[in-house]
Amino acid sequence: GQQLNQSPQSMFIQEGEDVSMNCTSSSIFNTWLWYKQDPGEGPVLLIALYKAGELTSNGRLTAQFGITRKDSFLNISASIPSDVGIYFCAGQLDFGGSNYKLTFGKGTLLTVNP
Amino acid sequence: DAGITQSPRHKVTETGTPVTLRCHQTENHRYMYWYRQDPGHGLRLIHYSYGVKDTDKGEVSDGYSVSRSKTEDFLLTLESATSSQTSVYFCAISEPLGPSYGYTFGSGTRLTVV
Numbered sequence: 012g013q014q015l016n017q018s019p020q021s022m023f024i025q026e027g028e029d030v031s032m033n034c035t036s037s038s039i040f041n042t043w044l045w046y047k048q049d050p051g052e053g054p055v056l057l058i059a060l061y062k063a064g065e066l067t068s069n070g071r072l073t074a075q076f077g078i079t080r081k082d083s084f085l086n087i088s089a090s091i092p093s094d095v096g097i098y099f100c101a102g103q104l105d106f107g108g109s110n111y112k113l114t115f116g117k118g119t120l121l122t123v124n125p
Numbered sequence: 007d008a009g010i011t012q013s014p015r016h017k018v019t020e021t022g023t024p025v026t027l028r029c030h031q032t033e034n035h036r037y038m039y040w041y042r043q044d045p046g047h048g049l050r051l052i053h054y055s056y057g058v059k060d061t062d063k064g065e066v067s068d069g070y071s072v073s074r075s076k077t078e079d080f081l082l083t084l085e086s087a088t089s090s091q092t093s094v095y096f097c098a099i100s101e102p103l104g105p106s107y108g109y110t111f112g113s114g115t116r117l118t119v120v
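For the protein sequence lines, the chains are A and B, in the order given. Residue numbers for the first sequence follow our numbering, so the first one is 12 and each next one is one higher. Residue numbers for the second sequence follow our numbering, so the first one is 7 and each next one is one higher.
Simulated from the structure, these hints should not be mistaken for lab results. Virtual Cβ for every residue (Gly too), placed ideally from N, Cα, C. Treat the hints with care, as some may be off.
Unchecked claim - Away from chain A, derived, C-beta distances all over 12 Å, residues of chain B:
| id | residue |
| --- | --- |
| 1 | T26 |
| 2 | V58 |
| 3 | S71 |
| 4 | T92 |
To be verified - For each label pair, taking beta carbons as the anchor points, the in silico distance ranges come out as:
| id | chain 1 | residue 1 | chain 2 | residue 2 | range |
| --- | --- | --- | --- | --- | --- |
| 5 | B | R36 | A | I24 | 37 to 47 Å |
| 6 | B | K59 | A | S68 | 36 to 46 Å |
| 7 | A | V55 | B | R28 | 18 to 28 Å |
| 8 | B | V18 | A | E52 | 16 to 26 Å |
Hey, can you work out the whole structure from these sequences and the hints?
Okay, here's the thing in structure tokens:
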């Protein structure tokens, strides 16, 4: 089956630092999504990417859909304490209306020290 | 807002007992999913549904069954709970997102099997 390798597994940073995490796949995807999970809650969508090479920002977050369609990265600039949580990448290969399953990475646990 | 409600939020049960978790949605989405989340494993798909009475297995379906008798409700049953099923369980729905689809998650059910 499809596998997503997400790295790093965890990060400990100081407030104000920039953060970068990425996902690579053995298969191509048509859509890449990035989710954040706060403690005790379900994952929430941060950014969606639909085209190879696409670069999308959402506030301090920037994500890119790799040219090969097998990778994506997420950057967080000027981190703040509320950025703490688990970040998941997810890839989707849409088979035209019948298969909406996402494949998830194992997550990056981010800790921000004030 | 997809209006997903999971119940209960927390449950402690004894080994060998059956347990049913409920996922309720208010917006008539066709696809629903059950995941479990464990440290080091990320989100793993247990079962999913693509319509009333239409369900299929995910990657970790052993020991679990599901039912969907109404569009709005997707039930996950642990037939005879074991300690290895102690986990956090998330329900998700698939909904249109730009040119593709994304998942919206419930808040999760923390299940402890003693």
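Notebook entry, point to check: Any of the earlier hints contradicted here, and which numbers?
Noted result: Per hint list: zero violations.
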